[in-house]
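Could you put together the complete structure from these sequences and hints?
Protein chains: 2
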Amino acid sequence: MTVTTPEGFRAAGVAAGLKTGGAPDVALVVNDGPDAGVAGVFTANRIKAAPVLWTEQVVRGGIVRAVVLNSGGANACTGPAGFQDTHATAEHTAAALTSASAYQIGAGEVAVCSTGLIGERLPMDRLLPGVAAAVESLGDNSGAAAAEAIMTTDTRPKTTVVAGAGWTVGGMAKGAGMLAPAMATMLCVLTTDAVAGPETLDAALRSATRVTFDRVDSDGCMSTNDTVLLLASGASGVAPSEAELASAVTAACHDLARQLLADAEGATKEIAIEVVGAADEDDAVEVGRSVARNNLVKTALFGNDPNWGRILAAVGTTAAAFEPDAVDVAVNGIWVCRSGAAAEDRSKVDLSGRDVTIRIDLHAGAAEATVWTNDLSHAYVHENSAYST
Amino acid sequence: MTVTTPEGFRAAGVAAGLKTGGAPDVALVVNDGPDAGVAGVFTANRIKAAPVLWTEQVVRGGIVRAVVLNSGGANACTGPAGFQDTHATAEHTAAALTSASAYQIGAGEVAVCSTGLIGERLPMDRLLPGVAAAVESLGDNSGAAAAEAIMTTDTRPKTTVVAGAGWTVGGMAKGAGMLAPAMATMLCVLTTDAVAGPETLDAALRSATRVTFDRVDSDGCMSTNDTVLLLASGASGVAPSEAELASAVTAACHDLARQLLADAEGATKEIAIEVVGAADEDDAVEVGRSVARNNLVKTALFGNDPNWGRILAAVGTTAAAFEPDAVDVAVNGIWVCRSGAAAEDRSKVDLSGRDVTIRIDLHAGAAEATVWTNDLSHAYVHENSAYST
Numbered sequence: 001m002t003v004t005t006p007e008g009f010r011a012a013g014v015a016a017g018l019k020t021g022g023a024p025d026v027a028l029v030v031n032d033g034p035d036a037g038v039a040g041v042f043t044a045n046r047i048k049a050a051p052v053l054w055t056e057q058v059v060r061g062g063i064v065r066a067v068v069l070n071s072g073g074a075n076a077c078t079g080p081a082g083f084q085d086t087h088a089t090a091e092h093t094a095a096a097l098t099s100a101s102a103y104q105i106g107a108g109e110v111a112v113c114s115t116g117l118i119g120e121r122l123p124m125d126r127l128l129p130g131v132a133a134a135v136e137s138l139g140d141n142s143g144a145a146a147a148e149a150i151m152t153t154d155t156r157p158k159t160t161v162v163a164g165a166g167w168t169v170g171g172m173a174k175g176a177g178m179l180a181p182a183m184a185t186m187l188c189v190l191t192t193d194a195v196a197g198p199e200t201l202d203a204a205l206r207s208a209t210r211v212t213f214d215r216v217d218s219d220g221c222m223s224t225n226d227t228v229l230l231l232a233s234g235a236s237g238v239a240p241s242e243a244e245l246a247s248a249v250t251a252a253c254h255d256l257a258r259q260l261l262a263d264a265e266g267a268t269k270e271i272a273i274e275v276v277g278a279a280d281e282d283d284a285v286e287v288g289r290s291v292a293r294n295n296l297v298k299t300a301l302f303g304n305d306p307n308w309g310r311i312l313a314a315v316g317t318t319a320a321a322f323e324p325d326a327v328d329v330a331v332n333g334i335w336v337c338r339s340g341a342a343a344e345d346r347s348k349v350d351l352s353g354r355d356v357t358i359r360i361d362l363h364a365g366a367a368e369a370t371v372w373t374n375d376l377s378h379a380y381v382h383e384n385s386a387y388s389t
Numbered sequence: 001m002t003v004t005t006p007e008g009f010r011a012a013g014v015a016a017g018l019k020t021g022g023a024p025d026v027a028l029v030v031n032d033g034p035d036a037g038v039a040g041v042f043t044a045n046r047i048k049a050a051p052v053l054w055t056e057q058v059v060r061g062g063i064v065r066a067v068v069l070n071s072g073g074a075n076a077c078t079g080p081a082g083f084q085d086t087h088a089t090a091e092h093t094a095a096a097l098t099s100a101s102a103y104q105i106g107a108g109e110v111a112v113c114s115t116g117l118i119g120e121r122l123p124m125d126r127l128l129p130g131v132a133a134a135v136e137s138l139g140d141n142s143g144a145a146a147a148e149a150i151m152t153t154d155t156r157p158k159t160t161v162v163a164g165a166g167w168t169v170g171g172m173a174k175g176a177g178m179l180a181p182a183m184a185t186m187l188c189v190l191t192t193d194a195v196a197g198p199e200t201l202d203a204a205l206r207s208a209t210r211v212t213f214d215r216v217d218s219d220g221c222m223s224t225n226d227t228v229l230l231l232a233s234g235a236s237g238v239a240p241s242e243a244e245l246a247s248a249v250t251a252a253c254h255d256l257a258r259q260l261l262a263d264a265e266g267a268t269k270e271i272a273i274e275v276v277g278a279a280d281e282d283d284a285v286e287v288g289r290s291v292a293r294n295n296l297v298k299t300a301l302f303g304n305d306p307n308w309g310r311i312l313a314a315v316g317t318t319a320a321a322f323e324p325d326a327v328d329v330a331v332n333g334i335w336v337c338r339s340g341a342a343a344e345d346r347s348k349v350d351l352s353g354r355d356v357t358i359r360i361d362l363h364a365g366a367a368e369a370t371v372w373t374n375d376l377s378h379a380y381v382h383e384n385s386a387y388s389t
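Chains as they are written, first to last, in full-length UniProt numbering: chain A, 1 to 389; chain B, 1 to 389.
In short, the hints are calculated from the structure, not lab data.
A virtual CB, placed ideally from N, CA and C, is assigned to each residue, including glycine.
Check each hint, because a few of them may be wrong.
[Unchecked claim] If we take Cβ atoms under 7 Å as the criterion, some of the chain A residues that face chain B in the derived model are:
#1 Arg46
#2 Leu296
#3 Leu312
#4 Asn384
[To be verified] List of simulated lysine-lysine pairs, DSS-like, C-alpha gap at most 27 Å:
#5 Lys269(B) with Lys348(B)
#6 Lys348(B) with Lys19(A)
#7 Lys348(A) with Lys19(B)
#8 Lys348(A) with Lys269(A)
Pasting the structure below:
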């Protein structure tokens, strides 16, 4: 049910001592082919971690035979020395795989992902032996172990599988904080045994992330390390249509995004902000994101308060097309605001559950979009005021 | 030491029963002239409360003889009926002042400000008698009472006075949450007995708010009611230069902004984000605001953690000119980040006090700006998850 479910992939997850406590912290995903296709999307943050800068180059090369991932350190804001560490990790992985395989692998075919604290060098004396151990323990059914090894503040691993007609998409992801991706989210590796060329893979991945990870805005904070990779082995021998592949990849990303939202740091609510009646999709996303990032809306929902006035005030900070006296807002199905003023009795709103749906009708057109977020809780403040200390 | 310190002004603060508990909730500031000059800046939120829509019109008329303010209700998102309530409040104030004065006052010369919960109509049956009582109790030394009557979640009134050469600027303000003004902050009335024409007043107020209230971003949430008014009586008979007036008004706004920051909901830190080495001032403000709004930076500071990686990640989400490997960051004087990577030992940073200074050098030019914010604490979550319930 993960990255090793599609044919042609092996994986591993081992403990290398990067995390305190002995939890798994090095993961490896290997594509045994016959194809080695890849597509990738990366953080839009201009402060990019060393592994992002490296992996962007690797993906441009068009061939990825392995992805090595570590938790326990983001290798971000580590300067030229940090980039050399990433390069050395790729070299080491390529050499270990070559000596264990029937074929040659170059460092330029190895993607690297890191996650954890920003600003500290990785302990290479532990990471490199960990990579060697991961190569040793590669297995056809070790996807779950890999998904566990990339966790940081996640409380559970996130994996998915979507079946096509004779082919499959599998995936894993991590991410619980700094979760407001603008091109991707945190770390995610998707695999497929479909036969697909680079343009098809790239189109499928971009169309999928645009409406899934890109619309998760848990805490408004964009990471330096966000990376989503899609690897294709071609091992099924089946070439789906572009639309079929895109649909399956979108379903996989949607499932993983939902799991990220469900496990977000300290959250007690999973909130869908459905913006309808927008002049265009960009307007709908802008409005949804503005509400998703509003701390007063998020604290109100933590307090089970359907405070539509705060929602309207957040909508009012956008440049989207709407008339202030035409906006309707429903919270969990109760239209507490019509035409910009109070409507149904707010006491009718049931906020006792974990799922919250805010529906905003701008009455300015026919476009719509949904943005997902979480509430702002005491536990979020606690976890993030104590994370590095 | 407040709005009644300059010559020509009277004020009042009374309890009308809008707030539970009998605290003062209606304030009145009257300009007895000889001049009745005014300048105003208002929220940039497109969802504007009825009193903002009304007072924008009044200020455009060029004459303001009185400002009536209430706490206990924002009169925002209340539709056409809410606007009629504001109009009725101005009419009632004008009539009561006319019958108590030697001169005629029209409703179009009365500014109205409201603050409190969004989305509920004001109890006019209590507000209008409160206005009458305020007119009855007008006094030359009642500025402090007025400042108290406009408080909501504020724990203390905010007042200021700045002396010129033979003239004075006085002021009062309120605001503790929804504090991220883009043209003004919450409610603020400034008074001066200087002789000044409308252009001079407007220029002084805009130059003052641009570098004070506009750069306070306590919680990233822009209000529907933000209003800053500057009233000029001319009673001193002294006409300062434009620069002298602007300087005094800026000093008054700076003092009030500092008091707002010090009393922000649940805050344990007052944080100055000094951005230097920017290509232009807009870049500096954008970077400062991005850091000010970053929940992970704010929770880290609540936890006394000089987490410069989170600061850098926030800088990276802006479009400002900088090279990622050229940015330096100091926290309370310790340069924990140089050239985008770790530098001085973060354990040297003393965060035990309430004041925090983050200095970010973009190394991209000579412009600079400071943005002020607060930390994100348990008390902020508590106060804002329980405010309306």
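Ascending list of hint numbers which this structure does not respect: none
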